[in-house]
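Engineer: Quick mapping for you: the protein sequence lines, in order, are chains A and B.
The first sequence maps to residues 1 to 134 in our numbering.
The second sequence maps to residues 1001 to 1364 in our numbering.
Source of the hints: derived by calculation from the structure; they are not laboratory data.
A virtual CB, placed ideally from N, CA and C, is assigned to each residue, including glycine.
Heads up, a few of these hints could be off.
Covered stretches of chain A, as calculated for chain B (at least 3 residues, CB under 8 Å) [stated by the list, open to error]:
(1) 13–26
(2) 76–83
When the alpha-carbon atoms are kept at most 25 Å apart in a straight line, the in silico SDA-like pairs for lysine to any residue are as follows [unchecked claim]:
(3) Lys1054/B / Leu18/A
(4) Lys112/A / Arg1193/B
(5) Lys112/A / Thr1142/B
(6) Lys112/A / Gly1087/B
(7) Lys112/A / Phe1158/B
(8) Lys1054/B / Glu1102/B
(9) Lys1054/B / Met98/A
(10) Lys112/A / Leu1194/B
(11) Lys112/A / Ser1232/B
(12) Lys1259/B / Phe1158/B
(13) Lys1054/B / Val37/A
(14) Lys112/A / Val37/A
(15) Lys112/A / Met98/A
(16) Lys1259/B / Leu1246/B
(17) Lys1054/B / Glu128/A
(18) Lys112/A / Glu7/A
(19) Lys1259/B / Arg1306/B
(20) Lys112/A / Ala1211/B
(21) Lys1259/B / His1212/B
(22) Lys1054/B / Ala26/A
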Amino acid sequence: MSRAWPEHTRILVVEDDLPTARIIQARLEMEGLEVLVAGNGIEALDLLQREDVSLITTDLMMPAMNGFRLVQEVRDQPPPKGRIPILLISSNQNEQDMVRCLAAGADDYMTKPISAQVLVERLWRLFERSRRGG
Amino acid sequence: MIIRPVDLPEGLLLQILLWATVILIGLVGALILFGAAIQFRRDRQNRHRIACFKDWEVRLAEHLFRGGHEQGPFGEIPDPDRWLFRGFLFRYQATLAGREAEILRDLYLDLGIHTSLPERLQSRQARRRAEAAREVGAFHLTGFFALLPPLLRDPVPFVAHRAAQALTRSQDLAYAGPVMDWVLREDRYQRERLLRVLEGFGPDLLPWLDAHLPDPGTDPEPWIIFALLAGSRRHRESQPRLLELLTIARLDLQVSVLKALAALADPTTYGRVLPLAGHGAWEIRAQAARALGVLGGPEAIPDLLRLAGDPVYEVRRNAAQGLADLGHAGAAALGWLAEDPTADPFARDMAQERLEWADERGHL
Chain A
1 MSRAWPEHTR
11 ILVVEDDLPT
21 ARIIQARLEM
31 EGLEVLVAGN
41 GIEALDLLQR
51 EDVSLITTDL
61 MMPAMNGFRL
71 VQEVRDQPPP
81 KGRIPILLIS
91 SNQNEQDMVR
101 CLAAGADDYM
111 TKPISAQVLV
121 ERLWRLFERS
131 RRGG
Chain B
1001 MIIRPVDLPE
1011 GLLLQILLWA
1021 TVILIGLVGA
1031 LILFGAAIQF
1041 RRDRQNRHRI
1051 ACFKDWEVRL
1061 AEHLFRGGHE
1071 QGPFGEIPDP
1081 DRWLFRGFLF
1091 RYQATLAGRE
1101 AEILRDLYLD
1111 LGIHTSLPER
1121 LQSRQARRRA
1131 EAAREVGAFH
1141 LTGFFALLPP
1151 LLRDPVPFVA
1161 HRAAQALTRS
1171 QDLAYAGPVM
1181 DWVLREDRYQ
1191 RERLLRVLEG
1201 FGPDLLPWLD
1211 AHLPDPGTDP
1221 EPWIIFALLA
1231 GSRRHRESQP
1241 RLLELLTIAR
1251 LDLQVSVLKA
1261 LAALADPTTY
1271 GRVLPLAGHG
1281 AWEIRAQAAR
1291 ALGVLGGPEA
1301 IPDLLRLAGD
1311 PVYEVRRNAA
1321 QGLADLGHAG
1331 AAALGWLAED
1341 PTADPFARDM
1351 AQERLEWADE
1361 RGHL
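So that you can see chain A by itself, here it is in the shape it has in the complex (with noise of 0.2 Å):
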């Protein structure tokens, strides 16, 4: 499958827990994205403000801030940041959650264990989507 990622295409990782963030980040930086770490959702939402990124992965449960309150957050923004796509990861198979980050809107869910490969093909889709306008 061949992904071909504009260059400088900057996604911002919002994980709490440290090695999964480098290890998405090294998947994510060898499809030659360039890659922000944030540890929260207020230090994601500090890094957006001086930065401009194209896409957006976030950890449901993190401490000060969690990923639900973040993407109220982020959708509360004018566009374009406010239009970010988000993609939501968390190890919480609860269907309640899903249906409440989606409403909230996010893009897209995904529950850990995740397949680095699925995870970077949904990115994929959802930068698609976003560069049509959809």
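Please arrange chain B on chain A, whose structure you already have, making use of the hints.
Structural biologist: Positioned in the frame of chain A, the structure of chain B alone reads:
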């Protein structure tokens, strides 16, 4: 005869004091040295661990994602670091699935420590038993799952918990019975938390439970877990069984079933829930009030208004919450109730409180 200090010769007394001081100083010094040595050893271990993890992190990314596993082995792990490497692999097993999870498993098997699992699962140290159980589940060691059920009766709770988690990761429903029995042996207030463990068996668990649990009329306890699981997973196929369970006159079971029916949110079950709004037990009325709001939509308003005047606070609160959740129609009913001078004063207060609650959260 008692010898008093004053009877001792002065020189001897001085000598005793001197030696006692020397011994005390020696003891304190030895204690300080011993503490410093322990701290030094710990610091050295930590530095070693951090250095190893940093090195392995880079190598693992190469190995997993850049075809490193196809080009050759991960690299040598010295014998003293094998347990450290196991801990390192643990950090990723809950995150990675698919091909990467298989590679992690191969890395673990290459260490060769799995051969000591039977012995470690029976270790006298609880931590060793728990870690061994965790290994079996984390790296999906099929041949060792059969050794775990006895640990479900381990006197140390976290060992039993680890064993249950590992068994659910097998996804083998042959172990669902023993794990269910373990959940039922736990205190009732713990059970809802343990649902997460049971959920590890995956989507086939509920049909299995439905087919294998004992008759709910004689033993309703496991069915409480069934109902809570069906609600948590929103398992629509379990609804006929839930409606059947609703007719069994057992308070805890009916409360759990009402919670599940509210989660399933099927409006056709409204008529089955409504009679329970007049039940003698307030716990059932409270749960019925919550369910009616979800199941009935705006048509539930008259029933919820009636429940908003219930003598029990929890029932009134749930009824008012149900109205607030209905949006504008429910809020209008709450507003009407809050201003009705003929209404029950408790119901009026509750309506006012819920209106303020909904307004603060922007629900109105």
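Engineer: Each hint needs a verdict: does it hold in this structure or not?
Structural biologist: Comparing the hints with the structure gives:
1. 13–26: As far as the region 13–26 of chain A goes, the hint holds, because 6 residues have Cβ atoms under 8 Å from chain B.
2. 76–83: violated (count 0)
3. Lys1054/B / Leu18/A: Holds: lysine 1054/B and leucine 18/A sit about 12 Å apart, inside 25 Å.
4. Lys112/A / Arg1193/B: holds, 19 Å
5. Lys112/A / Thr1142/B: holds, 21 Å
6. Lys112/A / Gly1087/B: holds, 19 Å
7. Lys112/A / Phe1158/B: holds, 23 Å
8. Lys1054/B / Glu1102/B: With Cα atoms ~22 Å apart, lysine 1054/B and glutamate 1102/B stay inside 25 Å; holds.
9. Lys1054/B / Met98/A: violated, 34 Å
10. Lys112/A / Leu1194/B: holds, 18 Å
11. Lys112/A / Ser1232/B: Holds. Lysine 112/A to serine 1232/B sits at ~18 Å (cutoff 25 Å).
12. Lys1259/B / Phe1158/B: violated, 29 Å
13. Lys1054/B / Val37/A: holds, 17 Å
14. Lys112/A / Val37/A: Within the cut-off at roughly 18 Å; holds.
15. Lys112/A / Met98/A: holds, 13 Å
16. Lys1259/B / Leu1246/B: Judged against 25 Å, a Cα distance of about 11 Å means the pair holds.
17. Lys1054/B / Glu128/A: violated, 35 Å
18. Lys112/A / Glu7/A: violated, 29 Å
19. Lys1259/B / Arg1306/B: holds, 20 Å
20. Lys112/A / Ala1211/B: violated, 29 Å
21. Lys1259/B / His1212/B: holds, 22 Å
22. Lys1054/B / Ala26/A: holds, 13 Å
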